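Asks: Got chain A; can you put chains B and C on it based on the hints?
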Amino acid sequence: MSELEVQADFAARAGQPGRPRRLGVAETAAGVLALFLLVSAVAPHLVAPGDPLGIDPLSAFAPPTRAHVFGTDESGRDIFTRVVHGTQYSLVIGAAATAIGLGLGIVLGTLAGMLGRVVDFTVNRFLEVLFAFPGLLLALLFIVIFGPGVATATIAVGLSTAPGYARIIRAQLITVRSAAFVEAATVLGRTRWQILLRHILPNTLAPLFVLATLGIGQAIVWAATLSYLGLGAEPPTAEWGALLSAGRTYITSAWWMSFFPGLFIVLTAVTATVLGRSIDSRMRHA
Amino acid sequence: MAEPVNRRRAVLRVIGPMAARLGGAVFVLWAVASITFFAVRLIPGDPAQAVLGGPGSQASPEALALVRNEYGFDQSVLVQYLAQLGRLATGDLGRSYALNQDVGPLVLGQLGGTVLLAALALVVAWLLALALAAWSTRGGLVAARVGSGLEIVAAALPHFWLATSLIVVFSIWLGVLPPISTGGATGLVLPVLTLAVPLAGFLGQVLRESLLTALESPFVLSARARGESERGVLWTHALRHASLPAISLSGWAFGSLISGAIVVETIFARPGLGRTLLNAVTLRDVPVVIGVVMIVAVAYILMTLLTDAASRLVDPRLRLA
Amino acid sequence: MSTTARRIEPDAALTVRNLRVDFGADPVVRGVSFEVARGECLAIVGESGSGKSVTARSLLGLAGANARVSADRLELGGQNVLGLTDRAWRARRGKDVGLVLQDALVSLDPLRPIGREIADSLRLHTTLGAAARARRVLELLDAVGLPDPARQVQKLSGQLSGGERQRALIAAAIALNPPLLIADEPTTALDVTVQAQILALLEQITGDGTAVVLISHDLAVVSHIAHRVAVMHDGLLVETGSSRQVLGSPRQEQTRRMVAAIPADKPRGTRLSLSARAADAAPKPARPATSAVVLEAIGLSKSFRRPDGTRHLAVDDVSFALQRGTTLGIVGESGSGKTTTARLLLALLPPDQGEVRVLDQPWSAASEKARRGRRSGVGAIYQDALGSFDPRWSVAEILTDALGLRHRRRAPQTTARLVTLLDQVGLTAAVLRRRPLELSGGQRQRVGIARALAARPEILICDEPVSSLDVSVQAQVLDLLDDLQRERGLSLIFISHDLGVVQHVSDNIVVMRAGRLVESGPATRVFAAPQHPYSVQLLAAIPRLSP
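Chains as they are written, first to last, in my numbering: chain A, 1 to 286; chain B, 1 to 321; chain C, 1 to 547.
Chain A extracted, bound-state conformation (with noise of 0.2 Å):
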């Protein structure tokens, strides 16, 4: 299993009725949030009016006071700014690392489940050969030999999250071909591109939605650890890694430098998983 993989099993148990729900406040204020990290995305100026680059030599390194809420860095620019101004970075890299990742495991995983056993087998094979470079090491293989950068940062994240998906809609597609209304429409005298679109595809693409949502805070997260090691975004983007990298060097000093990008990393990751759960569980009762 990977961290996708149970995310997915935990949402669907999740969704199980005679389950206490456990979302609710969380569900809002997941939701609350979800939409102050769109506006800082889209608007950031709505969200902190100021320059994410205006040096102010003179208010280096203050610490949170109400003038600058998160403090300032080494050349006076306002954290709180910086952050906001960030948050389209990392979530432009988050989303997009997640469709590569979705993409190609959609490609593997129906290729899998739909052509029958050789393919099933290889695909199988090659998907137990990606998992031996577990965690991060299949996109540290990929900066080596693209380089950094954001755009090889970005990728290398979509291939590292792959065969998740691939192994999560594999399994889906096998469990919805089997399902006893796909062959309900079979003594119906449908064809098999009716079944398949009708009923197949609709069914194994519906989560894929929960799983994109869930998949996002986990590719934040790892775009930002490549950042923070240096090998994506670099400074001066305010990508979020990237403003903690930078806030490294002062961390005995300035401790507010390196938190609160974080602090939004980690709420951002937080809002993912509990919105995936929540979007998870109303659309199954519906």
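Keep in mind that the hints were calculated from the coordinates and are not lab data.
This one's a predicted model, so the numbers in the text were calculated from it and none came from an experiment.
Where a beta carbon is used, it is the ideal one built from N, C-alpha and C, also for glycine.
Examples of chain A residues lying across from chain B (beta carbon under 10 Å, computed):
| hint | residue |
| --- | --- |
| 1 | L130 |
| 2 | G135 |
| 3 | A139 |
| 4 | V274 |
What follows is a set of in silico ranges between Cβ atoms, one per label pair, in the way DEER data are often shown:
| hint | chain 1 | residue 1 | chain 2 | residue 2 | range |
| --- | --- | --- | --- | --- | --- |
| 5 | B | T182 | A | M114 | 52 to 58 Å |
| 6 | C | G387 | A | V92 | 37 to 43 Å |
| 7 | B | P17 | C | E487 | 57 to 63 Å |
| 8 | C | D483 | A | R117 | 42 to 48 Å |
| 9 | B | L306 | C | S440 | 46 to 52 Å |
| 10 | A | F209 | C | A370 | 38 to 44 Å |
| 11 | B | N69 | A | L201 | 54 to 60 Å |
| 12 | A | V119 | B | L127 | 42 to 48 Å |
| 13 | B | A185 | C | A131 | 44 to 50 Å |
| 14 | A | A67 | B | L174 | 26 to 32 Å |
| 15 | C | N177 | A | F209 | 55 to 61 Å |
| 16 | A | V119 | B | L82 | 24 to 30 Å |
| 17 | B | Q58 | A | V119 | 49 to 55 Å |
Replies: Here is chains B and C on its own, set in the frame of chain A:
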């Protein structure tokens, strides 16, 4: 007549799966080696140039030719590939471009520190997860919500942020633990916590969810109807069932620990496989990267075998099949 | 209702007065009174949601963490157990009262050998050493009739057959000879012949002086061994009395309904669901018998590969014919091959040998393409109605699709046809916008029947269509199928493990065992004079209302 046939079948039933698994492991290793070999071919530029310090270094044509000959870059790809497989089969991982050192001893020397770190983190994560799961399933609805919230947040913590935050609190503000992990038990506390907490969040979610399922199952009702106490229900029945999905997660946990070790060893300036890998990636020291990848692949395979064995130990039904 | 002051017998094993259980705002048990004497078996019978299981669990203090239990009296063996602490309850559970649940596959811990599970009661309540416990476990397994106990103790519940593990579960419950045994649906999900054996075992335990409370949804099952029967409905005991009286001359509406719903021994065409219309109550006239064969199975065989590589012959040379306007019942226990037969008849599986012919044309031998146009003539009704619907579709979408009107789904004529279709299966337009998940079990099966009827089939293949329904709902669905057959001249294949149901609906019968056809013929003949020893054994095990 029937006896020897039956016995042969029984032997096959034991040996068959083991042989299959060994074959699978060899296949995965071969595939990993091949993928890395051909992937490295994709690196633009002359590998001889990389050995001599990258495109920036103005290496003489003679030096380049020497290196090409020494590393076999002048041979055909197939010959190089077979030579590489041959070397790997004998445990020779080649020479580092940057460190001018054999990769095998280099990587093996770093292995111990990382294994210690990962093993300790795994144990601590399991203990934390078990404690949290056991507490939050028995403490009513509020405890369940608090537990669930803690787990979601813990699982979302990026290693690099958790590590820096722990350093700020425990090393800089409180001054009780060293920010650098060089030998000594106190130096291990923060790195181990950094790796263990997010993992515990994940294991905890899985454990608690499956614990709830187990506690609602009819066999637990049967046990209670026999007069079993809640503690007995938990220890003789529910936890055993709940640990099964968490055990099968260990393959993933291993990946998480390796990724985490890269970050943690870098931040805490701790020697180990992760830091070696990151340095090699930064310097594009291809042989070292391949060396670490191969070691990790072997470790991953061992880990899946161990996971399998652990599942069989806990679940006797798997031993029958 | 037994609220009248009744003499409490000195040897009452259990006395319950005005027991109430609620979970938050909803009362589930609303004032229930009964008592059970030593050596007596009281059956509490009710449909799902009647509160019978919650009542049973309250007797062990296991109604649940958020259940509120109150009563005027609740006594085990003359001692008050109301408001006991959990610790005090634990000391009694297993020792003073034992519990047997349904389906031991999940009611015994699947990770532990059955011997350990049985020994647990001894470990918890006695000071016996390990060796003494092991000896006692063997005695117990012997007492419940498990052959070769020494070999079985090491096995997991999953390695035993359904009957064997149910015996093990009973052994665990009676390990300490508790004076009271509560059995909650102990034979549900078991084959009839095994069910008969388990009932005999429970009867023997009662005979040994144990008081038994038997919880069941099935009046016919309990009528064999219960001394008294209490009918539970909506949290109340509506009628309590001796088995003979309650089953022979039921006084309450609810009881009459349940007795009427039992299909066994009711002639073909008798109404099972009590209807307001008097005309419906009388048996319908027999239909004209024809001899035209609409579906024919000729020498069907099908085998599957087992995980260990050997082949398992699921259906072995089976032949039968279905005549127009009649019902052919296929009956068999688990593993008899009846579901594989259904899939072969529906051409969802190709047979290894033999063929299926429909309306004198090749069916299994035709290509799927050639068959597709004729599939509208063969409809199907499934046991798991819910699973047979696309979870994303509403009832309206399901039926529009089945009518082949997807391209005109918004047309008013389409809606009109949907309403007509629903009307035929006794549903109203109110369900159109709902999804199957939001419907009751009976409603789902009606929607399933409506879908099957939409294409105006001549033949309906029904695979266990009523097995997961309550008896009263089962009665309504069986009546509905009977009406539809009469009105439309449908020919039915009716597959079931339930002989009572098959006996009631079938004109002709096929008895299957381990993939083979052991006996076939007109239903009246097979039930009156079975030829094959297995049929004889099977028929003897049918739960009938016994005097």
